[in-house]
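Spelled out from the first residue to the last, the chains are:
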Amino acid sequence: MTTAPATKSVGSRIGSLFSRAEIAAPADIESAALRSDRFRLEREGDWRRLEEIVVRMEKGGVRKISDEDLLALPTLYRTAASSLSVARETSLDAATLGYLESLVQRAWFQVYGPRKGLFGWLREFFLGGWSRAVREIWLDVCIALFVMVSGAIVGWLLVAQDTDWYYRLMPAGLAGGRVPGASRETLMETLQVEESSGGLSAFAAYLFSNNAGVCILAFALGFAFGIPSLLLLIHNMAMLGAIVWLFAGQDLGWEFGAWLSVHGTTELFGILLAGAAGLHIGRSMAFPGERSILDAASQAGRRSAVVMVGVVLMMVVAALLEAFPRQLVAGTGSRYMIGGMFLTFWLAYFYLYQPAPVDEDAE
Amino acid sequence: MSARADRTGAANKRQRTLITPEGLSVPITIASRGSRFGALVLDWLIIILGMLMIRWLINFIGGGVLDEAAGAAEEAVSGAGEFLFVVQVIVLFLAWYGYFLVQELGPRGATLGKRAVGIRVAARGGGRLPPEAIIARNLLRDIEMFFPLVFVLVALIVSAVGEDTGNMIWAAIVWLLIFALFPFFNKDALRAGDVIAGTWVVEAPRTKLAEALSTQGAAAKGSSAVTGVRYDFGDEELSVYGEHELQTLERMLRDAQPEALSAVHATICNKIGWDPGAGDERAFLEAFYAQLRAKLEGDMRFGKRKADKFSDAS
Chain A
1 MTTAPATKSV GSRIGSLFSR AEIAAPADIE SAALRSDRFR LEREGDWRRL
51 EEIVVRMEKG GVRKISDEDL LALPTLYRTA ASSLSVARET SLDAATLGYL
101 ESLVQRAWFQ VYGPRKGLFG WLREFFLGGW SRAVREIWLD VCIALFVMVS
151 GAIVGWLLVA QDTDWYYRLM PAGLAGGRVP GASRETLMET LQVEESSGGL
201 SAFAAYLFSN NAGVCILAFA LGFAFGIPSL LLLIHNMAML GAIVWLFAGQ
251 DLGWEFGAWL SVHGTTELFG ILLAGAAGLH IGRSMAFPGE RSILDAASQA
301 GRRSAVVMVG VVLMMVVAAL LEAFPRQLVA GTGSRYMIGG MFLTFWLAYF
351 YLYQPAPVDE DAE
Chain B
364 MSARADRTGA ANKRQRTLIT PEGLSVPITI ASRGSRFGAL VLDWLIIILG
414 MLMIRWLINF IGGGVLDEAA GAAEEAVSGA GEFLFVVQVI VLFLAWYGYF
464 LVQELGPRGA TLGKRAVGIR VAARGGGRLP PEAIIARNLL RDIEMFFPLV
514 FVLVALIVSA VGEDTGNMIW AAIVWLLIFA LFPFFNKDAL RAGDVIAGTW
564 VVEAPRTKLA EALSTQGAAA KGSSAVTGVR YDFGDEELSV YGEHELQTLE
614 RMLRDAQPEA LSAVHATICN KIGWDPGAGD ERAFLEAFYA QLRAKLEGDM
664 RFGKRKADKF SDAS
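Chains as they are written, first to last, in the numbering used here: chain A, 1 to 363; chain B, 364 to 677.
Derived by calculation from the structure, the hints in this document are not laboratory data.
Some hints here could point you the wrong way.
[Claimed, not checked] Derived pair list, reagent style EDC-like, types lysine to aspartate or glutamate, alpha-carbon separation capped at 16 Å:
1) LYS667/B - GLU89/A
2) LYS571/B - ASP46/A
3) LYS571/B - GLU89/A
4) LYS672/B - ASP598/B
5) LYS658/B - GLU89/A
6) LYS571/B - GLU52/A
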């Protein structure tokens, strides 16, 4: 009681700056006139230690924390949480209550934080997570597939009836020399290989960023009950149907198929999955069943997000295929072989590769 | 419910309680829409500035080859220029999606902009925050804000050139408004991405532990250091005020503005019928605070709470 409390508390504050592990009990507990302040001063050391561990975890993850601190964390968290509930009933010190609430919340986020990092998540993703998510949305994949096939047929039929439709379906920039009435030679030329690989990787990068954007759009539009996603699929496939009609008219259908299949099997599969993922969200929001709409949407959204990470990767593969092998490999047979191989690979990976789920975050 | 003196009505509406697996209730506050918008603007500024810097750096290294590559992607360009173009496209893509993903997946659950305004992403209802949720909420950001904004800009530019844009600009504006106003139509201020991902954005206060008031000055000793006077208040005088006034007084004592303190001093003296002197306001208030708190906390232990000066202890 003889020492001035102010100087003492400054001393303890400086002390806590320098000493990490041991934080001395601050001020003299006896000097506090109030019971609730004595309660606080007795436990303050634990709170500060918890805060210090939490700050370090927020800064650099778990790796920088010593084993001793990591073991103490759950206990300290529970201590702070029970201090909070006692303080709420016994103390009117707003500053302490505010501090405890923020401390408990921050500690809670760390104690119940994400258990695996990005790297661990990716491992789980490749070793089963991705293919499982794709299998889980099988119904939406079927619907999207049906829509895409009918879109292509519709595109074909429309153009076959009236050539004007071709110009309506195809943006002028994309068509190039591929217009109705073009000679067989012109069309053949568009299927030829490039002489060198110059400029192709830039082309690939451009294609990827473009296609990935379209896929993300197809997914995100699922939010409007999936209908815009389906429209996007129909539009894209109607364009495809129109081009197929064009080439088939000049007896180049088989060659065009080869040209397309190199990257198309991967790209169209990716677009199919993106559309299905969007549809999955839309469908579960429209028909949530027993769950609340918000629960249904978030379950579907998380599942679809896994599919979408895969779709972006497929778009990388497709862009590489589109830029290099398609422009460099000439033979119809070898083009079909590359495309077929990739299709087989994707199908096998998604539907035959079924490792047991690592069920570590059952919530 | 404890009286939260410093919270206004609007903030109370945003209070939620998480029940942890141990059965403890952790209070959280939903982030305000304004602070979320501020965070988004900050993040976009950071990304755009970062991209400009990278662009400048690439230009600095590559000189003119980049423009050549961009202009003539189909033709044969030098290998270096092409490489730089590829790097640029990939960097742009990664910066756009990776910036939010990597930071929100980290232990803070917040981007730089969110950290600056003191908010973070959390799982709705208080579960773990899985990476899928972060991915889902960020994939939707593009259609919510970015695409319609670009559409509006493009439409404006096209119409400025003099071409007819038809209804495109209105469609884009309606699209933008639907998503931009989405958070205003639900109580948790969820945007579309939050709905899909099962997340919400909450305040992440980082409060420092303040000094205990009752260990200092007249609150501890009961007498003034300046004049040596002992301030003792009777039960009658202390029962004028409640918890709200106590916590207001606490805030004033911590922030310690001498003029404000003397005003409070005068008000309290007036209220309890003392003659307000001058020169020793702080000691008076410290003593009053400590005794009022002792009384209110004593009542609290017997289950009597007095929220503010208007309410009877109940």
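Hint check results:
1. LYS667/B - GLU89/A: holds (11 Å)
2. LYS571/B - ASP46/A: holds (14 Å)
3. LYS571/B - GLU89/A: Violated, at roughly 21 Å.
4. LYS672/B - ASP598/B: holds (14 Å)
5. LYS658/B - GLU89/A: Since the Cα atoms of LYS658/B and GLU89/A sit roughly 14 Å apart, the hinted pair holds (cutoff 16 Å).
6. LYS571/B - GLU52/A: Holds, at roughly 11 Å.
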